[in-house]
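Chains as they are written, first to last, in our numbering: chain S, 1 to 293; chain A, 1 to 675.
These are calculated hints, taken from the structure and not from any lab test. A virtual CB, placed ideally from N, CA and C, is assigned to each residue, including glycine. Fair warning: there could be bad hints in the mix.
[Unchecked claim] Ranges of calculated distance between the beta carbons of each label pair, as one might list FRET restraints: (1) S:275 <-> A:668: 31 to 39 Å; (2) A:552 <-> S:18: 26 to 34 Å; (3) A:569 <-> S:74: 27 to 35 Å; (4) A:552 <-> S:116: 55 to 63 Å; (5) A:674 <-> S:267: 51 to 59 Å.
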Amino acid sequence: MRHRRIYILPTRRGLMFIATLAIMLVTSMNYGLSLGFALTFLLSGLVASALLKTYRNLAGIAVSPVAAGEAFAGTELSFSLSFANAGASRSGILVTTAAQRSVSVDLGAGATHIVQVTSEALRRGRQSLGRVTISSDFPLGLWRGWAYVHFALSGVVYPTPEAPAPPLPPGHEGSDARRSARAAEAELAGLRDYQRGDALNRIAWKAVARGAGWYSKQFEGAGGRGPLELEWADTQGLDTEARLSRLTAWVLAAEREARAFALRLPEAELPLGQGATHRRSALTALALFTEKA
Amino acid sequence: MIFASAPATPLTRAQLTWLAALVLLAQLPLALYVPLWIAAAGAGLVAARLALPAERLPSPQLRRWLLPLLALVVAIGIRMRFGYFLARDPCVAFLYVLVGIKYLETRNARDGGLLVCLALFLLLTQFFYTQTIGAALATLPAVLVLGGTLTALREAPTNVEWRPAIVQTARMIVQGIPIAALLFVLFPRLAGPLWGLPADALARTGLSDRMAPGSIGALSLSDEVAFRVDFDGGLAPPPAQRYWRGPVLSRFDGETWTLLPRARSGVPVRTDSRTVTYTVTLEPHGRLWLFALEQPASLPRRPVDAPAATGGDDTLALLTSDHQLLSRAPLLQAVRYTERSTLVGTFPGVGEADRRDNLQLPRDRNPRAIAFARELRGQVDSDRAYIAAVLDRFRNEPFVYTLTPAPLGRDPVDGFLFDTRRGFCEHYAGAFVVLLRAAGIPARVVTGYQGGEINPDGGYLIVRQSDAHAWSEALLDGRWQRFDPTAAVAPSRVERGLGAALPLGEQIPYMAQLDMTWLKQLRLHWDAINYQWQRGVVGFNLDRQRDLLRDLRLDNARPWQIVALAAGAILLWGIFLLGIARMKLLRVDPVLALWAQACRRLALGGLRRNPEEGPLAYAQRAARRWPQWRALFERIGESYALLRYGPQTTDRADLIAALRRSVDTLPPVRALRVR
Numbered sequence: 001m002r003h004r005r006i007y008i009l010p011t012r013r014g015l016m017f018i019a020t021l022a023i024m025l026v027t028s029m030n031y032g033l034s035l036g037f038a039l040t041f042l043l044s045g046l047v048a049s050a051l052l053k054t055y056r057n058l059a060g061i062a063v064s065p066v067a068a069g070e071a072f073a074g075t076e077l078s079f080s081l082s083f084a085n086a087g088a089s090r091s092g093i094l095v096t097t098a099a100q101r102s103v104s105v106d107l108g109a110g111a112t113h114i115v116q117v118t119s120e121a122l123r124r125g126r127q128s129l130g131r132v133t134i135s136s137d138f139p140l141g142l143w144r145g146w147a148y149v150h151f152a153l154s155g156v157v158y159p160t161p162e163a164p165a166p167p168l169p170p171g172h173e174g175s176d177a178r179r180s181a182r183a184a185e186a187e188l189a190g191l192r193d194y195q196r197g198d199a200l201n202r203i204a205w206k207a208v209a210r211g212a213g214w215y216s217k218q219f220e221g222a223g224g225r226g227p228l229e230l231e232w233a234d235t236q237g238l239d240t241e242a243r244l245s246r247l248t249a250w251v252l253a254a255e256r257e258a259r260a261f262a263l264r265l266p267e268a269e270l271p272l273g274q275g276a277t278h279r280r281s282a283l284t285a286l287a288l289f290t291e292k293a
Numbered sequence: 001m002i003f004a005s006a007p008a009t010p011l012t013r014a015q016l017t018w019l020a021a022l023v024l025l026a027q028l029p030l031a032l033y034v035p036l037w038i039a040a041a042g043a044g045l046v047a048a049r050l051a052l053p054a055e056r057l058p059s060p061q062l063r064r065w066l067l068p069l070l071a072l073v074v075a076i077g078i079r080m081r082f083g084y085f086l087a088r089d090p091c092v093a094f095l096y097v098l099v100g101i102k103y104l105e106t107r108n109a110r111d112g113g114l115l116v117c118l119a120l121f122l123l124l125t126q127f128f129y130t131q132t133i134g135a136a137l138a139t140l141p142a143v144l145v146l147g148g149t150l151t152a153l154r155e156a157p158t159n160v161e162w163r164p165a166i167v168q169t170a171r172m173i174v175q176g177i178p179i180a181a182l183l184f185v186l187f188p189r190l191a192g193p194l195w196g197l198p199a200d201a202l203a204r205t206g207l208s209d210r211m212a213p214g215s216i217g218a219l220s221l222s223d224e225v226a227f228r229v230d231f232d233g234g235l236a237p238p239p240a241q242r243y244w245r246g247p248v249l250s251r252f253d254g255e256t257w258t259l260l261p262r263a264r265s266g267v268p269v270r271t272d273s274r275t276v277t278y279t280v281t282l283e284p285h286g287r288l289w290l291f292a293l294e295q296p297a298s299l300p301r302r303p304v305d306a307p308a309a310t311g312g313d314d315t316l317a318l319l320t321s322d323h324q325l326l327s328r329a330p331l332l333q334a335v336r337y338t339e340r341s342t343l344v345g346t347f348p349g350v351g352e353a354d355r356r357d358n359l360q361l362p363r364d365r366n367p368r369a370i371a372f373a374r375e376l377r378g379q380v381d382s383d384r385a386y387i388a389a390v391l392d393r394f395r396n397e398p399f400v401y402t403l404t405p406a407p408l409g410r411d412p413v414d415g416f417l418f419d420t421r422r423g424f425c426e427h428y429a430g431a432f433v434v435l436l437r438a439a440g441i442p443a444r445v446v447t448g449y450q451g452g453e454i455n456p457d458g459g460y461l462i463v464r465q466s467d468a469h470a471w472s473e474a475l476l477d478g479r480w481q482r483f484d485p486t487a488a489v490a491p492s493r494v495e496r497g498l499g500a501a502l503p504l505g506e507q508i509p510y511m512a513q514l515d516m517t518w519l520k521q522l523r524l525h526w527d528a529i530n531y532q533w534q535r536g537v538v539g540f541n542l543d544r545q546r547d548l549l550r551d552l553r554l555d556n557a558r559p560w561q562i563v564a565l566a567a568g569a570i571l572l573w574g575i576f577l578l579g580i581a582r583m584k585l586l587r588v589d590p591v592l593a594l595w596a597q598a599c600r601r602l603a604l605g606g607l608r609r610n611p612e613e614g615p616l617a618y619a620q621r622a623a624r625r626w627p628q629w630r631a632l633f634e635r636i637g638e639s640y641a642l643l644r645y646g647p648q649t650t651d652r653a654d655l656i657a658a659l660r661r662s663v664d665t666l667p668p669v670r671a672l673r674v675r
C-alpha cells in the first residue's frame, strides 16, 4: 500500500473523545484553569500521536494476490492474499471484502502472512474478489485508517451439485442387457439408503419385505468402474441450470466411485479422464458454460 | 486470526478491570474535596462491581431502574448537604458518584467509551480546587491508564497487558508533548469567564470586604500563600514597615466594619523620599484588591520584564481616594504587577467627604466606649495627646493579644475594652477607631497583611493568610496617619510575626512558628519550586501569553498567521516522527535499507516499483528497460529476495556486503534518465 492511499478519520469513539476534550477546554477557559488547559492539551497530544500510530500501523504493508480458490455456489469461496510487513509489528489489521466480511490479523515484524478471506460463492462462473478494504483502529480505537486494494483475482464458482441426484447414467458403450449381466457378476458390496431414482433392480427387496426399510444394493466390480460418458443430452427435460447441476453431481459421483468419465457439452468436450485435474477441468467447464443463443 | 467482535458484546473481565482502574484513579485526586460519604459511595460502587461475582450483582434489568433511582437519591443527598445544587461543588460531587453509577451500569464497549469520557472530565474538575505540582502529578496515573483502557475496549477478545500498555501510552504522551506545549502557549486565553461563574467559584480564602470580631483571627489559622513579592535589588524593608494595604473599612454598624458604598478615585502619594519597587505575584482570591506596601506611590504596572503588548491597556488597577488598589474584575487568575511605594506613612486627606465618612458612629451602640472617649478627650489638650493616651491605655491595662477571645455581646467594643480585654488585631483596630471617632477624630480601619517571611531559597517574600492583619489610620492636620494599636499590646507581632506575639500554648499555624526546623526549611525549598510553578504554569494567563508572544516577536501577528504557524509546526512534528520511525526501521534492517535505496534510484530514473511487484519481477522490468545493466539488476533483485525471503544462512553478512557493493555500483540517476 502506498501512503497516499491511506485515509484516516476519527471513529465514533474518537469523535466522542474529541468532544469531551472540547468541553474540557471550554471549562478550562471559563474558570481560567491553567492546569485544565495543560491536561486537555496533553490528551490532545495523545490523540495526535494515536493518529500517527494508526497511520504507521497501516503504511508500508505490501499486499499482493496469491491465489483464488474454487467453490460450489452457495458455499464459501476463499482468496489468499499475502501481507508482507517490512516494518515493526502491526496489530489489529482488519481485512474486509466488498461483502463486509472481515478477518483480523496481526503481522509480526518483518514477517509475511498469507491471509485468507472468504466471500459467499453466489452464482456459477467467475467471481472476482472485488475491492478489499484494509483497515485498522489500532492502537486506541480513536482513529480508523483504511486503504483500498483492488486485485484482478477471481475464483471459479461451480454449479451447485443437485442433491439428491439420480444415479449415474449408464455407460454408452454397452446395452442395458450387458449392463445388468455385468451388474450380476459384480460382487455385492453392501447396502445404502434408498434414494429416489434408484433402479428397481437394485432395491434390496428382501429387506423391504422384512420391514427393515428401503435400501439399495451397492455393487463393486467391473460394472462400477466402467468409463462414463456424461452428456448434455442425458439431462433433457430440465432447464439449463438444473442440467448443469445434475452434471456437476454426476461428475462428483463419478469421481467418488473412481470412474473415468468424459464430459460432452454443446460448446465444450472433455475427453475421457480421471483424477483431480480432470475433475477440476470438468467442473470449470460446467461453471463457465454459456449457452449459445 | 480473530474475527472482529460486534460492539454489543458484553465486557470481559479484563476490560472491566481497566475501566475500574481509570475510574478509581480519576476519582482519587478529588476524594479530598468532596464530602466523605460521596467519596466513599463513588469509589465503593466501582469496587463493588469489581469485587462481586457477576451473579451476585443485581440483574441488568433490575439495574436499569435501580441505578437512576440511586442517582436521584444521591442528588437529593447532595442538595441537602450543600443547600443548593446548580453550582460547582455539588455538581462535581454528583459527577463523582455518577461515574461510579455509570461504571456499575456499563455493559458493552460503547458504554465503556462514554465512561472514559466522564472519567476524563472528572479528572479535570480537581483543578477547581488545587493547581499545585502535586495536583498535576496526581492526574498522571489516570492518564497513563487511559491508553490501555481504550486499547482494551478496542480489542475485546485479547487481554491487554498492563505494563506494555502503560509504556506505550507513556511513549505516545511524550510524543504528543510538543503539540501539547504548542497549544498551551498559543491557545488564546480569555481575560474573564465566558459565562457567569457560580458563586462558590469565587469563594477563596482571603480578606473580605467586611470585618467582624473573629474574622481575621479565623484567617490567621491558614498557612495558604496570599502573595509573593520580589523586591528590586533584593532589599525588603524591615518587618515592622511591611504593612500591605488591602480593604479599607470606614462604615461601622456597632459590630461589623464594611467598605464605603462608593469608591472615589484618588492619586498616588507624591514623594521625594526614598521609594521601594517590588513585583507582587498575587494568588487569585476572587475579589478586587491588589495589595501594596503603604503608601502606594504609583499605580500597579505590568512587570518590567513584561510590559503590555502594543496598544494594550497598561493599567492593572485603579487607586481609590482611601488608597485601595482595585482591579476591574475579580481576580480569578494569579496576577503579577510591579508597584512602587514610599514607606513614609502619611498622605493627604481629600476634603470634607473624607472627614464626614470617617466620623460616622452608631449613637446607640457601645455607649461606654463613647462616654469614655469623650471624658478622656476632655482631659488632654490635643488630638495627638489623646491618641497617645489611648495607646497608653492599651499598653498599660491588662490587654491580652490572643486568637481565642471571649465572646462579646451586643456592644462588642464595650465588652472588649472594659470586660474581657482579650482580642486579636481586629478587636484592637476596631476599638481604637471607635474611640477616635467618639472623640471627633476621623479614623478608619485598614485591613491587609503585615510582615511576611523572606524565603532564603529564592530571596523573595512570602506573605501568607496567617499574616492577615488589621490596623487603623487617623486624619490629623489634614493628613492620614497610620496607628497600629496591636503593636502597643504585642509589639512583637509587627516585628517578628504572629508566632512571636501569641501567648504560649495557643495554636499557631505551622509556618508562622518561629524556630527553623529542617521540616520548615524543606517546606521553604518546596515553596520556592512552587513559586516558579505558580508563575510559569498556573499563572500562564492572558498577560503572560502576550509577554511570551512579544518575546517571540509574534505580538503583531494576525490570528490566522498564528494558526498557520501552529498548523505548520504540527505538520513538521508529524513528518519528523514518521521520519524517525522510518529511520529506525532502516537501521534495524540493512537489507531493507539497501533495497529501498535501489528502488529509490530506479524510481528517480523513471521506473517506479509497483506496490505489489516482487523484487525479481521488478529487476526483470528494469533489465528490459536498461539492458546494459541487466546483470547488475538481476543480481540485486536475486540477492535481496534471497536475503529477505530465503532461509537463514551463515554467510548472511557476506551476502549483505555483496548486496551493498551491487547497490553502490548502480548507475547514477542522470545515466538512467538517458534513453
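Item checked: Hint check against the structure, violated hint numbers in rising order -> Checked against the structure, the hints that fail are numbers 1, 3, while the rest are satisfied.
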